[in-house]
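A.B. asks: Starting from the known structure of chain A, arrange chain B on it as the hints suggest.
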Amino acid sequence: MNQPASAYFLEERQDPTETHTLSVLVQNEPGVLARVIGLFSGRGYNIDSLTVSETESQKHLSRITIVTTGTPMVIQQIKNQLDRMIPVYRVVDMTLTGRSIERELAMVKVKGGGDNRVEALRLADAFRARVIDATTESFVFEITGNSAKINQFIDLMRPLGLVEVSRTGVAAIGRGPEGM
Amino acid sequence: MTDKSHDPNQMTGAAMIVRALIDHGVQHIFGYPGGAVLPIYDEIFQQSEVEHILVRHEQGAGHAAEGYARSTGRPGVVLVTSGPGATNMVTPLTDALMDSIPLVCITGQVPTHLIGNDAFQECDTVGITRPSTKHNWLVRNVNDLAKVLHEAFYVATTGRPGPVVVDVPKDVQFATGAYHPPRKSDVHVSYTPRVKGDATLIRKAAAMLASAKRPVIYTGGGVINSGPEASKLLRELVEATGFPITSTLMGLGAYPASGPNWLGMLGMHGTYEANMTMHDCDVMLCVGARFDDRITGRTDAFSPGSKKIHIDIDPSSINKNIRVDVPIIGDAGNVIGDLLQVFKAEAKKPDIRAWWQQIAQWRARNSLAYRKNNDVILPQYAIQRLFELTRGRDTYITTEVGQHQMWAAQFFGFEEPHRWMTSGGLGTMGYGLPAALGVQVAHPDSLVIDIAGDASVQMTIQEMSTAVQFELPIKIFILNNQYMGMVRQWQQLLHGNRLSHSYSEALPDFVKLADAYGCVGLQATKPSDLDGAIREMISVKRPVLFDCRVAALENCFPMIPSGKAHNEMLLPEEATNEATATAFAGGKALV
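Order-wise, the sequence lines are chains A and B. Every letter in the first sequence is one number past the one before it in the numbering used here, and letter 112, counting from 1, is 112. Positions in the second sequence are counted from 1; adding 180 to them yields the numbering used here.
Next comes chain A alone, as it looks inside the complex (with noise of 0.2 Å):
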């Protein structure tokens, strides 16, 4: 989506668009996350995956992940409304920082028998993927990695008789020794 600037503009922006993934630390205290959502939903931003979970507790701090979509304008507008809210402590663009490491976990159900059932397994092993659950007739595979990588495994598993996925959406960190 373009930025939500002037309504003065005649013409869409073409401004090409590109996907960033967001680190934003904040106080873990009762509609933290509402707040950061209703920005996005507010002002029109995009976005394509967004993970949570308290990181701290001693010191009451959650980590907020967030990819998402759009001009270089409207991710620096992005960041800078996420900054001014008063309980997130820091946001850092680990796409900017150019040395961050993104995971995601996905569970997925594949059924069925015969050889669809040796495929998946042998898939299942080339990407590391772990079972978790089986059945005679049904597999859960684990699977961890980044991104495209799972997406990947879906689009493999789907002629083999998928039955659905659940995906964590995508968690960051920097590399080396420092923290954000």
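Keep in mind the hints are simulated off the structure, nothing from the lab. Everything numeric in this text was worked out from a predicted model, so none of it was measured. Glycine is no exception: its CB is placed at the ideal position from the N, C-alpha and C atoms. Wrong hints could be hidden among the right ones.
Rough simulated footprint, nothing fancy, chain A against chain B, three-plus residues with beta-carbon under 8 Å [stated by the list, open to error]:
1) 288-296
2) 310-317
3) 362-374
C.D. replies: Only chain B this time, still in chain A's reference frame:
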């Protein structure tokens, strides 16, 4: 175990609220009682340090508090009940958010055990007001109340000011807990607004100003919000640089309208010289303004040849609409002070005589001119007379929203900051009358005038009753053209003159209405009546409703048609039917 009953800091939640107001120096609050705030009203009854102004509708309380805040620089405080009390506050809260006005709104809430049960007069106040406030809180434990109240005042008044809501369930108001006076640890450590600007960027800005050939200073409400010192420093900066200066609607009065460098307001209904100067400048210094769409017109044609310096306390205002070259995050007054110091020490006034000659040519177009009329009162003439007849007095002006608001901004000259209260960002019809009440409460001996329209004023007309009860001698000066003038103007210009529902068939007789409320009604229908009636309005020491009958079909010019650039303004003498049709072609879809 110690006996807590004699500890002076042990008190009920309701008592804490009143105590916190006193600790924050609050002298007046605006509100309306109801079931969920009765314990607080009971505390208010039993003390005399905080005076409560009873309004007739919660929206009135909100706008009154806004007027109070804007005219004093202190936060406005509102107390309303749960449910409808809170939802009626949504408009003023949003208005205050858009215009960066510090408001502290305390709402009652149903008891904690009923929250979420669809109880009587329950609503999700923090959910509803989350996007309308700078921050809000629901207090579930009386021992958190003092901390939250103190933080609420801090958040509302620091950084970019704004409205906050503290939602207090009734059982928390009754419960007893520990109060403490304001202390630093009450505030989130994550909230750290920046006041001082970056020294390197300020040096860079000073160098840009020094080498400018065609500079302009463009200021906004941020200069007013920063306090009177900021306006003083701004005037010094204009003096030191010799630059022309223009301002947004919100920023009027920071630089005096009588000052030699003043270009008038800019934007959609700004002067020709202000908009042309913005369009053709080579260096733009923007202070405490946010490149709003009413200012920029078409963004891709906005001041195409200039380097832009933007001073703002809110980082999210930077590069939101317009890309700038030197962004300086900080308080307007603080940064202007530093910039002025560097400029004086390291630079000298650039020679911009050629630029001033160009500006003089634009000025000569006299873009605010209107034809004189001896038979009907023209609205521009009415404002000019009001301005002339109140000149030299201690006057505060509020407005509603529409044509009258733009004419007031064009024709009433403001010499000082904090004298002009108007709904800029949200454009709230019905703002001006209650805002005038708030101003009059803060300045009981001053002349407070709401320049109103006949449509807007009816949105909050019930507050005349408040004015009478509290003996607030506000003057409601209605430019009565029997239309929603700005709606009608847009319908004429953009919708084939099909005046769909913009005519008020059954206006009240404002003079009789004034009488019914127990205030004074005056009317002027001819230009020859006007001065006498205005003089009478000023001399009356009671609230006045002034029905000023003006030309019905007058349009507000100059105007930048929707979707056009600053140098494509439509001036009054050019606004023939044909030119208007061409200028506005294709602009229908825009706001």
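A.B. asks: Give a verdict on every hint.
C.D. replies: We went through each hint and held it up to the structure:
Check result for the region 288-296 of chain B against chain A: violated, 0 residues qualifying (beta carbon to beta carbon below 8 Å, three or more required). Note: the region 310-317 of chain B has 4 residues with beta-carbon separation from chain A under 8 Å; the three-residue rule is met and the coverage holds. Coverage of the region 362-374 of chain B by chain A holds. Counting CB-CB distances below 8 Å, 4 residues qualify, and the rule asks for three or more.
Of the numbered hints listed earlier, the single one contradicted by the structure is hint 1.
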